[in-house]
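Model the full structure from these sequences, guided by the hints.
Protein chains: 2
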Amino acid sequence: MNKAKLYLSLFRRTNRVTESLEKYLSEKQFQMDEAIIGYIKKLEAPERLKAAMKYSAEAGGKRLRPILMAASCESYGGTLKMVTPAAAALEMVHTYSLIHDDLPAMDNDNIRRGKPTNHIQFDEATAILAGDGLLTYSFEIIASELAVSETKRVELIRQLADAAGPKGMVAGQVLDMQAEDKKADLEQLEQIHTLKTGRLLRYAVTAGAMIGGATADQIASLQEYAYYLGLIFQVQDDILDVQGDPELIGKPVGSDETNLKSTYPKLLGLGGAIQQKELYIQKAKQSLKEAGVESSVLVDITEYFGNRDR
Amino acid sequence: MNKAKLYLSLFRRTNRVTESLEKYLSEKQFQMDEAIIGYIKKLEAPERLKAAMKYSAEAGGKRLRPILMAASCESYGGTLKMVTPAAAALEMVHTYSLIHDDLPAMDNDNIRRGKPTNHIQFDEATAILAGDGLLTYSFEIIASELAVSETKRVELIRQLADAAGPKGMVAGQVLDMQAEDKKADLEQLEQIHTLKTGRLLRYAVTAGAMIGGATADQIASLQEYAYYLGLIFQVQDDILDVQGDPELIGKPVGSDETNLKSTYPKLLGLGGAIQQKELYIQKAKQSLKEAGVESSVLVDITEYFGNRDR
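Here the protein sequences line up with chains A and B, keeping their order.
According to this note's numbering, the first sequence is numbered sequentially starting from 326.
According to this note's numbering, the second sequence is numbered sequentially starting from 326.
Only true hints are included.
When chains are identical, the list treats them as one kind, so a pair holds in a single copy or across two.
Dumping the calculated DSS-like pairs for lysine-lysine here, alpha-carbon to alpha-carbon at most 27 angstroms:
1. Lys507 <-> Lys586
2. Lys586 <-> Lys375
3. Lys367 <-> Lys477
4. Lys406 <-> Lys477
5. Lys348 <-> Lys379
6. Lys379 <-> Lys440
7. Lys375 <-> Lys507
Everything labelled a hint here was simulated from the structure, so no lab data went into it.
So this is what it looks like as structure tokens:
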């Protein structure tokens, strides 16, 4: 299948990724793409709105959050099918945040993943509404499509709102904006990343585990795992900005250098940042052990997060 | 109490509103204000974000949606306390929609209810995020604060997302934008209003009834009631734009005249619009009868919606 091959090629050249993980990631990505686009296609909504929602939802992301949710669910004996609605909803929340982030009043980005951003492809008003639409629809999908008890559904909705809202991702956005024109220290940097990126990653891991049937203790250990995973993700982002391949990461290298934004390499040097990342990877693996899933695919995914080349 | 008197004065001069309804509305408004601001105050979020969310949430709205939800709940024997979390959440969704509507890329309004709009008072990025924050927080409040069964909570979340999202209010926004530069006929006009305003009003009525313990049949009749109530609201909005008191409605009279936007008075003449409104009021009252609440406060509220002077 051509499309599946294309997906595979997206992961193939990534350093240190084993062939079986490659296959795992590309298969999951393909299945999640199908699910997300399926949910948008079946919406009874104005065509232009659907087109704008679909445009960003299919704009070639790696689906790391939904894949992480699936992997976490599978680690406790669940299946991809069980998490699909929650995983698609989470990816929609991530997509909405990218659309709003790219707006002229926010980061003012014209290109994302090699394609025009939503407000360039459509217009600013449509981009704002497409983001609003994706965010709102995500809650509907969990409420109406997720095949778990209503008690769990309510809890998964509460946690998603908590992770994505004014205590979570939206807070991270605000702090990130405020930090742009001043130097942040390591602690402030971690706070911003934990809110802006980490909270949704944590949701992916804990929601997957909850749907898969993990115990409360196991979920508590996974929260710690997810905390480090978020930091690993961010350190690697900063490292790629210094030494990545612009063609692979889809943006020019050194863009962090030209603004005042604090990054790990700026604070610790490139060597120090790599060391910090290895420390986080060790801590993440330790948490997986405590959560009783030290030999699951989550270990490979942790390595992948830390060594991805895009 | 001074604040309560202030609230009362907001309703007092409204035509044809009985003294007891005035008292009812102003008391409920006061209680809803307290609840909404309370929910925002207790958020652990960056100060600037909270300030922006609070600014628009307390910007002097009449709280028609939450009051309607309370009235509907009480009509079936429930209490204000029972609906408070859902009513506050609904008002937050309404507030978010106003913040995003006012943005330069949308309606580009600098003044709302006599005060600078959110993006003027703060900045555009903060306004976008304050809107995102209110929308997301609303789902968290229903999930975690509403004291009804989890089955009902899931259903109330699903319905709110349905009413506010890409099939509902967001769809109405998109259609409204598309209609701005061409003439819409009565049917298109009603579709836009039904989505843009009507769906949240319907939610107010049906969610209140569900929380209060109405039967499925009663809720079906209330959906029809809410449909007409939404149209009554909109016709009166259009009529006020022609013959309202600019000081009371908080914006210049005749602003619809200067753009191409379709309105009831433009399509039917002022007399025709008033006639149409009376027809809708009759139909709304008939639906209340079918829902078994023909002598409830909802009847007075219907009259109030149709004859408000602001």
